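K.L.:
In the order they appear, the protein sequences are chains A and B.
Be aware that the first sequence starts at 1, since it is given in my numbering, and climbs by one per residue.
Be aware that the second sequence starts at 1, since it is given in my numbering, and climbs by one per residue.
Hints listed in this document are in silico derivations from the structure and should not be mistaken for laboratory results.
Just so we're clear, the structure is a prediction, and the values are computed from it rather than from any experiment.
Don't take each hint at face value.
Heads up, the list lumps identical chains together, so a pair's fine if it works in one copy or across two of them.
In silico DSS-like cross-links for lysine-lysine, where the CA-CA straight-line distance does not exceed 25 Å [as the list claims (entries may be wrong)]:
#, residue 1, residue 2
1, K70, K88
2, K105, K70
3, K105, K62
4, K154, K40
5, K80, K40
Protein chains: 2
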Amino acid sequence: MGELREPLRDLIECGLPQALEVMGERWSFMILRASFNGLKHFEEFLTELGIARNILSNRLAKLVEHGILKREPCADDRRKIEYRLTEKGFDLLPAMLALRQWGQKYGTEQVIEDPVLVDELDRLPIGPVSILAHDGRILGPQDLWLTRPADLGKRADGTIASPAAGLGMGDVVNLAAAKAAAAR
Amino acid sequence: MGELREPLRDLIECGLPQALEVMGERWSFMILRASFNGLKHFEEFLTELGIARNILSNRLAKLVEHGILKREPCADDRRKIEYRLTEKGFDLLPAMLALRQWGQKYGTEQVIEDPVLVDELDRLPIGPVSILAHDGRILGPQDLWLTRPADLGKRADGTIASPAAGLGMGDVVNLAAAKAAAAR
DNA sequence: ATATCTAGGTTGCGAGTTGCAACTGAAAAC
DNA sequence: GTTTTCAGTTGCAACTCGCAACCTAGATAT
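My request is simple: use the sequences and hints to build the entire structure.
P.N.:
Now the structure itself:
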């Protein structure tokens, strides 16, 4: 994955510890998953997840505090409180799916996904969560490299790739694919 | 995200709990990240991460036990032990990157990524980790739907999408993009 | 109006984890 | 042959988890 090593400073400063501050706690991802499945109320989470009351209370409060869920009293019954995903919470979907796909790939038990997550357009199962290049190519670990910002675009052969020229390529590619898919 | 809700059984049986069994623990992702950065030895992890000795020992053992790292005594110095990523460990890269990108997007502190993760081909920064359709389109939360396996490919308008026809589309798309990128 | 039920908590307690510091034991360096 | 380095283990204090019981405001029934 390249010869460069991120310095100590970065091991602390990168986005990972920030993400783990909330999502690293024991039940956070399971609550998130339940939210993605439409669960909204305290007692729903409680019975579906089999988590302890106090822990659930604590986790929900923390998720709200970090802006992943929003807490709003129900209009029709003011005892009830709705916990729903914010945009920030929704943005965790790739991370959750990646983790889930990994667990599924290597899990011991044969998992029969009964409801399958599909693409709304053609109702076919989604592919694996992927690392994309700026132009939409799928990258594997062997395609990745660490570079100092000053060397961005400097290829091994000395030629220079222009970041500006690449902007929008992904959209073009995906539009093309969307059209092709819609035609079938 | 569709009208269907995954049943309780699935909340337990899906890949997520399996993944969280190892990666849900407090330092696992940080150790993984250090591994991706080329750290291999006990004392390296210890000083770079600022983790306690006993916890590091425990976590490394668990990661080895779950086949994410492999533990091999060093050839040249038999006190030293190398912990290196297995393929299973490497496969966690999308999950780690997704989490990291999320943390970076919403983190309070302005993160200046000094070494940037780039595409080896053009040395330009990678794009966001994405959920792809089977044909390579990038999907957002609004494009996702839950369907029972029997209804795969059944579109809302009644027409049927063929999974077979879609195979390889992603490759075609990505080849085209790669060519376009290489031409610049 | 009073009693009961329900939703969403909080509190107290025992068990398990985490983190620090000190100790161990084997291999390398001097 | 003494010291240093590497990779642990052990003991102990602080914190977190999970369970069960209790609490409070709002809804429902009589």
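K.L.:
Hints broken by the structure, by number, lowest first?
P.N.:
4
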